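Visitor: The hints should help you fit chain B onto chain A, whose structure is shown.
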Amino acid sequence: MFDDLLQYLGLSAFSLKGFGPLLLEGTWMTIKLSLLSLLVSVVLGLIGASAKLSGTAVLRVPAQLYTTLIRGVPDLVLMLLIFYSLQTWLTGLTEALEWDYIEIDPFAAGVITLGFIYGAYFTETFRGAMLAVPRGQLEAATAYGLKRSQRFRYVVFPQMMRYALPGIGNNWMVMLKATALVSIIGLADLVKAAQDAGKSTYQLFYFLVLAALIYLLITSASNIALRWLERRYSAGTREALR
Amino acid sequence: MIELLQEYWRPFLYSDGQNITGLAMTLWLLSAALVIGFVVSVPLSIARVSSRRWVRWPVQFYTYLFRGTPLYIQLLICYTGIYSLEAVRGQPLLNDFFRDAMNCTILAFALNTCAYTTEIFAGAIRSMNHGEVEAAKAYGLSGWKLYAYVIMPSALRRSLPYYSNEVILMLHSTTVAFTATIPDILKVARDANSATFLTFQSFGIAALIYLTITFALVGLFRLAERRWLAFLGPTH
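In order, the protein sequences belong to chains A and B.
Mapping of the first sequence onto UniProt numbering: position 154 corresponds to residue 154, and the numbering continues sequentially without gaps.
Mapping of the second sequence onto UniProt numbering: position 175 corresponds to residue 175, and the numbering continues sequentially without gaps.
Hints in this document: simulated from the structure, not taken from any laboratory.
Values in this document were obtained by computation on a predicted structure and should not be read as measured data.
Among the clues, some could well be false.
Label-pair ranges, simulated between beta-carbon atoms [what the hints assert, rightly or not]: (1) A:Thr201 <-> B:Gln60: 30 to 36 Å; (2) B:Trp144 <-> A:Ala57: 28 to 34 Å; (3) B:Leu94 <-> A:Glu95: 52 to 58 Å; (4) B:Leu65 <-> A:Leu131: 52 to 58 Å; (5) B:Asn103 <-> A:Val58: 48 to 54 Å; (6) A:Pro134 <-> B:Ser31: 26 to 32 Å; (7) B:Leu5 <-> A:Gly136: 53 to 59 Å; (8) B:Tyr162 <-> A:Gly145: 39 to 45 Å; (9) B:Leu5 <-> A:Ile31: 39 to 45 Å; (10) A:Lys199 <-> B:Asn165: 35 to 41 Å; (11) B:Arg99 <-> A:Ser234: 47 to 53 Å; (12) A:Pro106 <-> B:Ala195: 19 to 25 Å; (13) A:Pro106 <-> B:Met128: 46 to 52 Å.
Sample of chain A residues facing chain B (criterion: CB under 7 Å; computed from the structure) [as the list claims (entries may be wrong)]: (14) Ile70; (15) Gly72; (16) Pro74; (17) Leu76; (18) Leu80; (19) Leu81; (20) Tyr84; (21) Leu86; (22) Lys177; (23) Ala180; (24) Phe205; (25) Ala212.
Cβ coordinates follow ideal geometry from the N, Cα and C atoms, glycine included.
Pulled out of the complex, with its shape left as it was, chain A reads as follows (with noise of 0.2 Å):
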């Protein structure tokens, strides 16, 4: 349909050449691939925090090594470590269990991967947006006998979100163009998709600034989003006047 149109409008140089159905299959792996992620570093991000900030050392030793060593390492020197030690030491073990040989499945490990890795970023911005909570907040809530599951769900995690949600916002950018990667350990993403079509079209440059364009639309979209949640969570505090 949509060469077509573009053989209408005498733009057939345009044409997608039947490669639509791959494009837009690699785009939503690269979308489902960064929520999924998105997730996964969230929920390591708010325990990574919570670990950091709490009073043991035995849990904040862990979380500390865990975000310097992360965050000091480049994501695709990890990924590459992650993603092929992980079947290595699978297959290591079914070997000494006798067991059958897993193969991993690669979205699976590009989700844990990326989400163990950005992980890392978000305990950082967590761990700095629940110390912007004022403390006067902590103990009105325990004054009011809530439990600690509802101290965080009530008061901490709605206050603190103001205050993350700038670093969340460029996580999620870093990561989302972070997946771009996950070709590189042969997943079918946009990138891969692009390259696929451009090789056997021989127009190579037109559909890598397809998938440019297409990760522009991504990253413009999510800004407005985040503007609009930046603007949701600061309801009742003012700005200052600019």
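Guide: Relative to chain A, chain B alone:
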């Protein structure tokens, strides 16, 4: 593990006998991209905060494009995309430039870091204390002198913490260079991995080298901040 180190420490650090590889290559890529990016981003950041729309908008469009798309795609476009065009291969000068993987990689990296750096510097210029500018104007400074003696020295200093972040992100981004056949640290690690099947060790060594560079850069920037941002610290 020992054998891996014995065989590969040289490629990991500086050379495989013929070419510069590993750490030396990564550092060269990083510094080339950063120097070009820095030099270009200073005038661009001034254009970015210009009150004239036709000066501001092209720069804004450029940073929007390059910050909104992944560096990996930018590199692919520079390295494989542009060279696949007939028009480029027809021109001897362009053909020579884009045939070389190193040129394409440095071009892509420099364009990318320049976009981020431009926004960092532009932000710093925008948050410039108004009184300082007024005072400078009262002393008769205007035009490029105002920028050269008052605005830029202050803006560049205040952007140091954000710039250090960008430098470290750029270091981490240089890892995609291996997809353009550049023999950086990660490429050596992949070669070591496929030759020895010691996956964890090969990539682990690469991770350790990157970690060391990151810590060294963080330390350097801390020193730089102590030197150039002393005026923002607590007064004694």
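Visitor: With reference to the structure, classify each hint as holding or not holding.
Guide: Now for the hints, and whether the structure bears them out:
no.: 1; hint: A:Thr201 <-> B:Gln60: 30 to 36 Å; in the structure: holds, 33 Å
no.: 2; hint: B:Trp144 <-> A:Ala57: 28 to 34 Å; in the structure: violated, 55 Å
no.: 3; hint: B:Leu94 <-> A:Glu95: 52 to 58 Å; in the structure: holds, 53 Å
no.: 4; hint: B:Leu65 <-> A:Leu131: 52 to 58 Å; in the structure: violated, 36 Å
no.: 5; hint: B:Asn103 <-> A:Val58: 48 to 54 Å; in the structure: holds, 52 Å
no.: 6; hint: A:Pro134 <-> B:Ser31: 26 to 32 Å; in the structure: violated, 44 Å
no.: 7; hint: B:Leu5 <-> A:Gly136: 53 to 59 Å; in the structure: holds, 55 Å
no.: 8; hint: B:Tyr162 <-> A:Gly145: 39 to 45 Å; in the structure: holds, 44 Å
no.: 9; hint: B:Leu5 <-> A:Ile31: 39 to 45 Å; in the structure: holds, 42 Å
no.: 10; hint: A:Lys199 <-> B:Asn165: 35 to 41 Å; in the structure: holds, 36 Å
no.: 11; hint: B:Arg99 <-> A:Ser234: 47 to 53 Å; in the structure: holds, 52 Å
no.: 12; hint: A:Pro106 <-> B:Ala195: 19 to 25 Å; in the structure: holds, 24 Å
no.: 13; hint: A:Pro106 <-> B:Met128: 46 to 52 Å; in the structure: holds, 49 Å
no.: 14; hint: Ile70; in the structure: violated, 10 Å
no.: 15; hint: Gly72; in the structure: holds, 4 Å
no.: 16; hint: Pro74; in the structure: holds, 4 Å
no.: 17; hint: Leu76; in the structure: holds, 4 Å
no.: 18; hint: Leu80; in the structure: holds, 5 Å
no.: 19; hint: Leu81; in the structure: holds, 4 Å
no.: 20; hint: Tyr84; in the structure: holds, 5 Å
no.: 21; hint: Leu86; in the structure: violated, 10 Å
no.: 22; hint: Lys177; in the structure: holds, 4 Å
no.: 23; hint: Ala180; in the structure: holds, 4 Å
no.: 24; hint: Phe205; in the structure: holds, 4 Å
no.: 25; hint: Ala212; in the structure: holds, 4 Å
When each numbered hint is compared with the structure, violations occur for hints 2, 4, 6, 14, 21.
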